[in-house]
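Chemist: What follows is the residue order along each chain.
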Amino acid sequence: MPRKPKESAAKAQPHPRKRFVTTKVEVEGREELKIVELPDIEPTPWDEDAQLTIVGTRAIRADALEKVTGRAKYTADLHRPAMLHAAFLRAPVASGRVVRLDLTRALALAGVRGALVASDVPGIKHMGAPLFDTAIHWAGQPLAALCADTPELARQACALVDLDVETLPHAVTVAAALAPDAPRVKPHGNIPRNQPRIATRGDADAAIAGADVTITRDYRTPCALHTPIEPHGSVAEWIGDDLTVWESTQGIFEVRSNIAQAFKLPLNRVRVMKDYMGGGFGAKNYAAANTFTAVALARKLGKPVRCILDREGEQTDTGNRAASSQRVTLAANRDGTLVAISAEVTVAYGYSGWYASPAKIYHEMYRCPNVSTRETFVFLNTGAMDSFRAPGHVEGAFALERAMDALAHELGIDPLELRRRNYAEVDEEKNRPYSAKHLDRCYSEGEARFNWTHRRVEAAATRTIGARFRRGVGMASQIWGAGGGPPAYATVRINPDGTIDVLTGAQDLGTGSRTIFAQIAAESLGARLADVRTVLGDTERTPYAGNSWGSITTASVGPAVRVAALQARAKVLEAAAELLDVDVSLLSLVGSVVSIAGDERTMTLAQVGRKLGEVMIMGQGSRGANPQDTAICAFAAQFAEVEVDVETGRVRVLHITSAHDSGRIINPTLAESQLEGGIIQGLGYALFEERVMDETLGLSLNANVHDYKIPVIGDVPVIDAFFVASSDVVANHTGARGIAEAPIIPTAPAIANAVADALGVDVGEIPLTPWRVLALLRR
Amino acid sequence: MRLTVNAQEHDLIVAGHDTLLSALRDQLELTGTKLGCGRGECGACSVLVDGRLTYSCLTLAAGCEGQSITTVEGLGQPGALHPLQRAFIELDALQCGFCTPGQLMAAAALLATNDQPTAQEIRSAMSGNLCRCGTYPKLARAVESAATALRARTSEGRSDAS
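One line per chain: the protein sequences are W and F, in this order. Sequential numbering from 1 applies to the first sequence in my numbering. Sequential numbering from 1001 applies to the second sequence in my numbering.
Hints in this document: simulated from the structure, not taken from any laboratory. Where a beta carbon is used, it is the ideal one built from N, C-alpha and C, also for glycine. Careful, some of the hints might be misleading.
To be verified - Which residues of chain W face chain F? A few of them, derived with a C-beta cut under 8 Å, are: (1) Thr57; (2) Ile60; (3) Thr227; (4) Asp275; (5) Gly279; (6) Asp310; (7) Leu670; (8) Ile710.
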């Protein structure tokens, strides 16, 4: 029986390299220099040949049982002792000034406990304006909050506020805001000072002038609303100087930082928690009016306060995907090779928000030596723009991919073939390689599974003269930065009973991060998946991880989880070696069982844990740096077949095939769920979704989920969404890239291209509502 | 008033304007049923009232005296899951989970009257329940699978009896 040498003096391992290094970190196309803490170990990358038994399997979603039994607690489900409820009084006009805001009658109502106005929250901003500003910049802007024993009473109190408003002229459309005598949305004017934003490479004008073929088209995309079924909400509770906030958020640490800054609190006195949340899609990245109101009222009234938005508030004051208009010129050689792309983009920005660039994808998607884009964001008296699932790219991809089809039509080239002829082997925008790119396989596997050529012929056969139902087929491609990156941390603990906790400050928005972190930890540690539990969403219990946005969570946090689990594994094996009195190099750990090479004895993790007693086996992991000067992206090709009823104008999507390259897939079932979800959101954007503003009144006409149409189950086509097999070991040692945003990007253009194919007309605008389709047919 | 929820009787004091949803959530702390819009548009508040699919946000609590209410908590619990709940778990028919209780109740109402629904009948019966995560393809599959499981259970029950 092998015995270890007895003189095992612990050898101090000197850290072989610098622990902290400066590196470029990129999120949603924006690069920053950041200090990164390198992990203690550099694990062997899981390449395509890695023998993995838990990662890559279709494990059941870790929190599915909680969700199907109604036991999963969302923010609004929390009952704190003596909790009060807040509601907002909102601006009834798009532009104006509060002349009188008298709370006397509201506060006199039995059960009403207090109110907040601007003077209670000095220096705190919401959507680019002081919270409860007396200057009104958009309809729906919060003007005051009332707090009462029940939500109904709080709302009733809002209706009792005596409010006099002086109405001022507003601009809720780009045309109104750019008119010569337009009202000023911002003091300095309606266009930001540093605009238009111009980005160029090569000389697009010269290339267009000398090209064989050019096409110019105009495209318009609507203002779309995130519409999570769970509205924004917060519960705040003070115990002494310690504040706890339960928030429906995509970023607990971001919200903690926002609160600490707003109320000038030390970070270690603010705890933000999020266990379950009912969808975010980019709208829940920061503390907002609901957060600040709950915190300020809880402090003022000395009781826990819950502030949940009602549906109208959710649909008017939580951000949006701004409407855009895009004039695109493509120039090509006769063989379809692109020689220039030029675009003039105008974004109906709103009062403030996130500058999501529709133009960016023009620089990234195809090989093209000359690209020139000009973008102007126009301030309006409407709610702020915010990040919304692939912000900018969804809007830009619609126009670019429609224009590619128009060019294909002009040249008489198959649209898929045209895209293949303009395949970008490197990231031409920044002149750097991709970590890996298998878009070519997405094209070929998607083409085969969709049966592209055959379906095109079949669809054409339905388009006979007088036919009421006409079919059409279209496709589109996409690219999206999906590398993730530092900082992100994880802790893995082995309990005395052999169960394992994975702790990390990430969020699970329904994406499945709880499940996949458990899979990564179990695989790395050698544990049974059933013994691993992931704890997320608590700034006090878990180490830092960033917002769950930008398709970064898996690729950012996954590697940190792996490092933490490997470290815990190394420690538990050292402890087992001591218990078994053998050399650690002879030990292995699989399925929560420690075994010895050449020895029949085994110990389960539970046996090791019991022997160790309260010795805590704990691994710490951090996310190392990304490879420098390398683009890490998710790619996809999407194919759609539609049927248009030319009598009613109704478009029905029949079939979507969606082929994705996102590197290694940790859990195919959950990943496919995300693909299907992104496709369905894209279908809504293509066919129904549009915030409608009354230009005269300056108000939204569909701030509810009856008139703002999102897809229902009956709208859903056959969806064949899949991944081409790969592992991106250049990106990080798990081989995984992001998924969440890729599927929404090519959906609307693929559907619009199919509608254009069905009708034989140019489709320049979405959503393709029946009246728009009928208007196209009249042309 | 007396409200029968998940086969248990509760004596409650409700105001005339209190909705069934607020009685369930705020008084009985049955928070599985969700508030998504408050206008009967999203379906997150769906429950069964005497077996009938009902938007609890548009139903007055006082009007439910003497009726039998079933919420997701009454559909099944760990260890005794309803076939629908089992199918939702196995086929991943949920993402964020917020609309899930309402989807389950809509599906339960369908299967109670139609144990062999066609794909079109499922789409039609479930079209009043919004899911922004877009879990619809898996929802449809899960309802179909649960229907099969329920039929198998019923026929087993019959053969046991015979």
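Chemist: Against chain F, is W:Thr227 within 8 Å by beta-carbon distance?
Modeler: 6 Å, holds
Chemist: Can we keep the W:Thr57 interface hint, with Cβ of chain F closer than 8 Å?
Modeler: Violated - the Cβ of W:Thr57 stays beyond 8 Å from chain F, reaching only about 13 Å at its closest.
Chemist: Using the nearest Cβ pair, does W:Gly279 come within less than 8 Å of chain F?
Modeler: 5 Å, holds
Chemist: W:Asp275 was flagged as interface toward chain F. Is the shortest Cβ-Cβ separation under 8 Å?
Modeler: It is violated, given that the least Cβ distance between W:Asp275 and chain F is near 11 Å, above 8 Å.
Chemist: Please check whether W:Ile60 passes as an interface residue: C-beta within 8 Å of a C-beta belonging to chain F.
Modeler: 6 Å, holds
Chemist: Verify the interface restraint on W:Leu670: the C-beta must sit less than 8 Å from at least one C-beta of chain F.
Modeler: At 7 Å from the nearest chain F Cβ, W:Leu670 passes the 8 Å test, so the hint holds.
Chemist: Going by Cβ atoms only, is W:Ile710 closer than 8 Å to chain F?
Modeler: Check passed: Cβ of W:Ile710 comes within 6 Å of chain F, closer than 8 Å.
Chemist: Does the CB of W:Asp310 sit less than 8 Å away from some CB of chain F?
Modeler: Holds: closest Cβ of chain F sits about 6 Å from W:Asp310, inside 8 Å.
The structure fails to meet hints 1 and 4 from the earlier list, while all remaining hints are met.
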